[in-house]
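Enquirer: Please build the complex by placing chain B on the supplied structure of chain A, with the hints as guidance.
There are 2 protein chains.
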Amino acid sequence: MVYIIKANGEKEKFDKHKVYRTCFKAGADERICNEIADYVENKVYEGIKTKKIFELVYRKLSEYSGDFMARYKLREAIARLNPENNEFEKYICRILKFNGYQVEWNRIIQGVCIEHQIDCIAVKDRKKYLVECKHHIKFHRCTDLDVVMKCWAVLEDIINAYRKRIIDEKFDNIWVIVNTKFSEHAKKYARAKRLKLTGWNYPPGESLSSLISDKICYPITILTNSDKIIERFTKSGILTLGDLLETRTDRLQKKLNLSQRTIEKYKKLAENI
Amino acid sequence: MVYIIKANGEKEKFDKHKVYRTCFKAGADERICNEIADYVENKVYEGIKTKKIFELVYRKLSEYSGDFMARYKLREAIARLNPENNEFEKYICRILKFNGYQVEWNRIIQGVCIEHQIDCIAVKDRKKYLVECKHHIKFHRCTDLDVVMKCWAVLEDIINAYRKRIIDEKFDNIWVIVNTKFSEHAKKYARAKRLKLTGWNYPPGESLSSLISDKICYPITILTNSDKIIERFTKSGILTLGDLLETRTDRLQKKLNLSQRTIEKYKKLAENI
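Protein sequences, first through last, are from chains A and B.
Going by the working numbering, the first sequence opens with residue 1, and the numbers climb by one from there.
Going by the working numbering, the second sequence opens with residue 1001, and the numbers climb by one from there.
With the rest of the complex left out, here is chain A (with noise of 0.2 Å):
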């Protein structure tokens, strides 16, 4: 039995789980957390400092893929973006034209039995979607069934509005943007129903990462995690590295009210990311 110390200097039993699920949280597959987590159990010695053991996890992790730890470290930026101010289903936005589709932010659109609140509505190549997006802060969760039937549901009504001519506008489908993975149930209903889903992984080659494959597209929280003065600059519609940098910085000064240095030192973070 060995035990660490932890930041705090409290004693703690080694636990080789914990290594199992940081891995697990960094996007490693199965077979490599077990990897790790073996090797650190045969690295770590009485008295050694959490710190210590962290070091050796990320030493190792990077050795997998240098990948695991940026994948990460941008998950948790997406997830730490205000609901309270719908910031994620302004990004998602921000994204989109990114990647070349043209987007309307919070549209209203009739349907035969309500009026419903979509968060975008995105158009590319003559296909015209209707976007719901859903953030959840805990995003090691998944986006379960109910969400994506409830979607469905949105569409059958808008479309049905349109073939009784309630609405001259007609969409080609409903997109379901999340940042968390999909449960398989959500994911063969959908299938089913041909409605097309992005999940943080999924689907392989067009999932929310690979749409924000782009650095600028990241969302400014990944450049601290101190809220404050993120805040100031997502509240003010700057939400992605690329809002920060191509903005100038007198503007910046104006419309944030802070100091030239402080702007230009995020500018700088945000170069070297």
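In short, the hints are calculated from the structure, not lab data.
Keep in mind that a hint or two might mislead.
[Claimed, not checked] Chain A side only, calculated, beta carbon under 7 Å to chain B, not exhaustive:
hint, residue
1, LYS150
2, TRP152
3, ALA192
Here the structure is a predicted model, which is why all the values come from computation and not from measurement.
Every residue gets a Cβ at the ideal spot worked out from N, C-alpha and C, and that includes glycine.
Expert: Below, chain B without anything else, positioned relative to chain A:
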């Protein structure tokens, strides 16, 4: 400005709106809430105890209708059913049976897209319902559109399975039963789709409270707020006052491992409701 004395001895400003809220929660309509709040405002004096205020409120409420408090207690008792044990779903089955429905608890029904786990199937007068129950511990909340739209999607998938001869069973409708109100949006959508909704006070004449009109349908949680012994009853499937009164004491003794005296005490409480 009148100061009142709380149960713990603290002073507090008299707040007329609190009286209003108490009446409203008890199920009184706006006019009555206002009348009682006015009445109590005229009656309070410097240093009156909150207990005394509550007495004034309750006496006045029962003048309007002796029913109010009983109804409020009933609603609270339903909210206290244990969600971990699916007690609300089981309780609804019991009530539907009492109302002449043939009932099957917890069925898997194959749809076109996926299998659906249905809380209950209810049949009466040759109509067959998929029943979906939603239980809120905070019973003052609203059941919103999401729930109802998802239920529509369930019905649609199962009806399509029948049309495509994937299943032989024909269902006439889905029936959403909740212990809260429904939002106006939810009601509007359900009306348009002709879904059957039952909430605490909705629809008039066919609400949850009218399904529970007979006292032997009351949930056993109405007997006491202390949950320890009641939990033994509910976990053994004794969910209503009827279940308690209609099961022989010696059988209950064996089933629940409680003394004869305790069981008879609860039976007497049940008879006096």
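Enquirer: Would you mind marking each hint as holding or not holding in the structure?
Expert: Verification of the hints:
1. Hint on LYS150(A) holds. Least Cβ distance to chain B is approximately 5 Å, under the 7 Å limit.
2. Of the supplied interface hints, the one on TRP152(A) holds, with its beta-carbon coming within about 5 Å of a beta-carbon of chain B, less than 7 Å.
3. The beta carbon of ALA192(A) comes within 3 Å of a beta carbon in chain B, closer than 7 Å, and the hint placing it at the interface holds.
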